Amino acid sequence: MVTPAVSLADVRRSYRDGAHRVDALAGVTVDFPPGSFTAIMGPSGSGKSTLLHCAAGLDRPTSGTVTVGGTDLGTLDETALTRLRRDRVGFVFQAFNLVSALTAAQNVTLPARLAGRSVSPAALAAALDAVGLTDRAGHRPSQLSGGEQQRVAIARALFSRPAVLFADEPTGALDSRTSRQVLRLLRDLVDEHGQTIVMVTHDPLAATTADEVLMLADGRLVDRLTEVTAESIAARMAALELSC
Amino acid sequence: MLTRERLGALVSVLLGVAVVTVSLLLLGSHVPRVPERFVAAGVVVRSPAPDDVASTFPQTRPWSPEETSALVNRLAAVSGVVTAVPDRDFYGQPVIAGRPVPDQVRGQGWAGAALAGHRLTAGSPPVGERDVVVGRALGVPVGGRLTVLTAAGPASWTVSGLVDPPALYVADPTAARLAPGVRAIGLLGRPDIGAVTAAVGTAGTVLTGPARGALEPRADARTRWIGLQVLTAMAALSAFAGVFVVASTFAFVVNQRRRQFGLLRAVGATPRQVRRLVHREALAVGAAASAAGVLLGALAAVPLARVLVDAGLEPAGFTVRWQVWPPLAAFAAGPVVALLGSAVAARRAGRIPPLAALREAAVETRPMTRARWATGLAVAAAAGAAGLATATTDDVRGMATTSLLGAMALIVAATLLGPAVLPALVRALLWPLRGVTGTLVRENALTAVRRTASTAAPVLLTVSFAVFITGNVQTTAGAYAAARDAAVRAPAVLVPDGTPGLADAAVTGTGGAALLPTEVHVDRVAVPAVGLEPAAYRAAVRDPGTAAGSPAALAGDTVALSRSTAQRFGWRPGGVAPVTFADGRRVALRVVAVLEDGAPAGLVLPRDTVRAHDPSALTSAVFLPERPAGASAIGARVVDAASWARQADAEEDRLVWIFTVLLVGVSAGYGAVAVAGTLLMATARRAADLRQLRLVGATRRQVLLTVATESVLVVAVGALLGGVVAWLALQGSMGALREQAGAPVALVVPWPVVSAVVAACLLLALAATVLPARSLAR
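Heads up: the sequence lines are chains A and B, in that order.
Under our numbering, the residues of the first sequence are numbered 289 to 532, in order.
Under our numbering, the residues of the second sequence are numbered 761 to 1538, in order.
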């Protein structure tokens, strides 16, 4: 069997809110095989973002283990964890999260420069070309449209050739036309480069781009859909939200 | 990149470096000057310096007349020496129109005129017993009569000749009688130093060139010492305040940029890289501020030197000596201060989790971390230890240092622990405020406890320093006055008026108890001593008590010792105390008593014995059994005991007060910069909040009222905490004073200073918040 790109085993994450204990994740076990494109869905508060953060090493689970490319994240200290994120993991967020003082090109190469690697102009050009932004390299985020900013963020996430790309509502702040462009870009990455992608979304249309959809509710995995159509997902979501 | 956030840090480092530059430049200029009366003597031989110091600014041990003449003969025989002239320096003050001429209190033998390079411009040298040569500026012609005050009293002298500069020369035999002990011999000509040193042997030290500055008058040495204290305290205070302000500014900046740092962490910056980022920023700010600060300090050095001379904190003729090291050292101080100040903030920045980039709200979760508690309590414990050390020490200089350190530690502790008490304090202060403004202000302050605390921190610093420093000075002055007042039984005291001390003529016939201070040497230790008449003294002063022996037996070559002096030299009643007097004579004194604490000096001698060995000693005060009816003698006046108690240290108190004003000025200046800086940042950051308020229907007036109330709250919190800090720090000083004075000490709270400082903070805070909010809330 192939080693999964990311693997979660009985992952729990709870927060203290005053005297209350809130279980955001109540024991999730799941593998993401290499080259797979998985969407994670669920009602708000179901724990889908927490799942993503724990899988990506942005947050540490209360118990359980997360393995990225065979490395158990629980054994790493903060600096080692940062290095792993920098080298093996890419992120795209809903709110683009670009450094406003840097140009598109500088934003793309920022993680590599933080890692102390030299950046070849050819690699930068290729990364920008892959997201169709060759002519926007010198622009700052404020001079770019929402779709363009998100594509810069994707180029940044992919620049270090990560084992897995995590995307948290990547189309949440975009209109439907630019959403489609971004989703097509993600699909092409999986089909043409064998990129592993894990994407959190609440949009059934976005989820249809994925190979598989995981349904979360109350911090638990409640369903896995492999035959994904917008209708089947919407129906499943509606049922989940009613039951909550 | 200079942003508004960093401006506060930049300005505070700039000011700090400027103060450090000035202080170092002036400290580097602290070279004793060659006294006027030795400028023409290229080589001066000085009597042996004391090894140990029991009095603050000791004189060297004088040579006896026999030692002097033997040494003069040896030196005169050295090849190249034209003449060897003993320096005979004594108290001699001209009196013009019934008033002693101020600032002209020393006389010398005529032979000494050659050492100073003074030449007669009219008349002839002094020859007779009452002949005198004086400076032309006195306006007395050759052959005219002049009243001169010596330690014996006023007498009429004949002016035999005139010199151009202010001076007073008498015939050499007269000088030898007035100053039998010699402490320096000036050499004229071009002698070989090696030969001079060989001729002197162990009898003294050979001084040439600038080293002759060691001969400066004791008063100048003391003034320079006070100047040194002022400058070092100013430099230390500004370095501390600089670190403090940078720390609070950077804490603020890091808090504001949580999202940005979180984003960097999320895209792969390690905690170390984030820390380094903050450090680099601090370094950049520090270096830029340093350059400007050094320039500003160099520009301010000359005017400040003049101010210090005018204020009496530096001797006349003190000028700035330009050297390379002070600006260089000050330039290095800027980045160091910035790095120290930003260390905590950088650590915190490194711990920001990557998820901070994804969370929009700037709501703080925990105002007090465990590390903050631990550090705060540790610093508080250190402050407590410093306070305890202060309260139990008997070393006056040590007390000043430890109490200042204690106050600094308390300020840091209060700043660290502030967020823990802040919620309760805010609720209590806002309790009377009902209505929407009160609610808004309270919730704002309580949701951002750390931010509220860090804006209040500079107010805390300013108020606590101002109150502590002025309170300390006033309490100390009051305590000493009370102790003096309590010790004296006499209704009136005869004190010097326009002279450095009272002449015998003013003392005799008053029937009071006179104190005649002198300095004696025990081996090579200088010890202050005082001559008095035991019976009269006991009648005028509350007796501190006798530990052993009987002070009534004081007569002739006898001595009573303070307990500490007896312990120091291992002397016992009935034993012998060998001392060297001001005339260089070595006398074995018989110890008759050991006195309890409160003795007027380490050695207490019969007045006549002191007078016999120190013909130019002056009486410091006479305690009178009753208020005399007639007018006082020249150079003396009568005051009642209470005002003597108050005024005894008037000159010292004046210097200390100038010192205080300078220190409070420096710390309050910092406070002002920091208060304005942090509040300006806080308001700019809240632009969105304020616009939100306007959108939901608040009038412009309501918004401004909210902002103003917040500023008042911040100042009130800072002032209250600062007041508590100062009060606690003052308790330590009071303990020390109680120990020394042996009497209850009343805490003097300088209310005018307190109100002025708080009002200034309030004004600044309102200006820094309401003015920018006016445009934001449009």
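Calculated directly from the structure, the hints in this document are not laboratory data.
In this text, all values refer to a predicted model and were calculated from it rather than measured experimentally.
Any given hint could be a false lead.
Simulated DEER-style distance windows between Cβ atoms [as the list claims (entries may be wrong)]:
no. : chain 1 : residue 1 : chain 2 : residue 2 : range
1   : B       : L1526     : A       : D463      : 55 to 61 angstroms
2   : B       : L1206     : A       : T359      : 40 to 46 angstroms
3   : B       : A1138     : A       : H481      : 51 to 57 angstroms
4   : B       : A1138     : A       : D463      : 53 to 59 angstroms
5   : B       : T1135     : A       : H427      : 44 to 50 angstroms
6   : A       : G460      : B       : V1181     : 40 to 46 angstroms
7   : B       : A1131     : A       : H427      : 31 to 37 angstroms
8   : B       : A1134     : A       : A527      : 48 to 54 angstroms
9   : B       : L988      : A       : V407      : 43 to 49 angstroms
10  : B       : A1131     : A       : G460      : 35 to 41 angstroms
11  : B       : P970      : A       : E366      : 58 to 64 angstroms
12  : A       : A527      : B       : T1135     : 41 to 47 angstroms
For the chain A half of the interface with chain B, some residues (derived, Cβ under 7 angstroms), not all of them [to be verified]:
no. : residue
13  : S302
14  : D347
15  : R348
16  : V354
17  : L364
18  : E366
19  : R374
20  : N385
21  : L398
22  : P399
23  : S406
Here are some chain A residues the structure puts well away from chain B; computed CB gaps all over 12 angstroms [as the list claims (entries may be wrong)]:
no. : residue
24  : G323
25  : D365
26  : G378
27  : A400
28  : H481
29  : L509
30  : S520
Yeah, the Cβ is synthetic: ideal placement off N, Cα and C, and Gly gets one too.
Hints, one by one, checked against the model:
no., hint, in the structure
1, B:L1526 to A:D463: 55 to 61 angstroms, "violated, 47 angstroms"
2, B:L1206 to A:T359: 40 to 46 angstroms, "holds, 43 angstroms"
3, B:A1138 to A:H481: 51 to 57 angstroms, "holds, 55 angstroms"
4, B:A1138 to A:D463: 53 to 59 angstroms, "holds, 56 angstroms"
5, B:T1135 to A:H427: 44 to 50 angstroms, "holds, 45 angstroms"
6, A:G460 to B:V1181: 40 to 46 angstroms, "holds, 43 angstroms"
7, B:A1131 to A:H427: 31 to 37 angstroms, "violated, 42 angstroms"
8, B:A1134 to A:A527: 48 to 54 angstroms, "holds, 52 angstroms"
9, B:L988 to A:V407: 43 to 49 angstroms, "violated, 57 angstroms"
10, B:A1131 to A:G460: 35 to 41 angstroms, "holds, 37 angstroms"
11, B:P970 to A:E366: 58 to 64 angstroms, "holds, 60 angstroms"
12, A:A527 to B:T1135: 41 to 47 angstroms, "violated, 54 angstroms"
13, S302, "violated, 16 angstroms"
14, D347, "holds, 6 angstroms"
15, R348, "violated, 9 angstroms"
16, V354, "violated, 15 angstroms"
17, L364, "violated, 12 angstroms"
18, E366, "holds, 6 angstroms"
19, R374, "holds, 3 angstroms"
20, N385, "holds, 5 angstroms"
21, L398, "holds, 6 angstroms"
22, P399, "holds, 4 angstroms"
23, S406, "violated, 15 angstroms"
24, G323, "holds, 24 angstroms"
25, D365, "violated, 10 angstroms"
26, G378, "violated, 9 angstroms"
27, A400, "violated, 8 angstroms"
28, H481, "holds, 21 angstroms"
29, L509, "holds, 22 angstroms"
30, S520, "holds, 30 angstroms"
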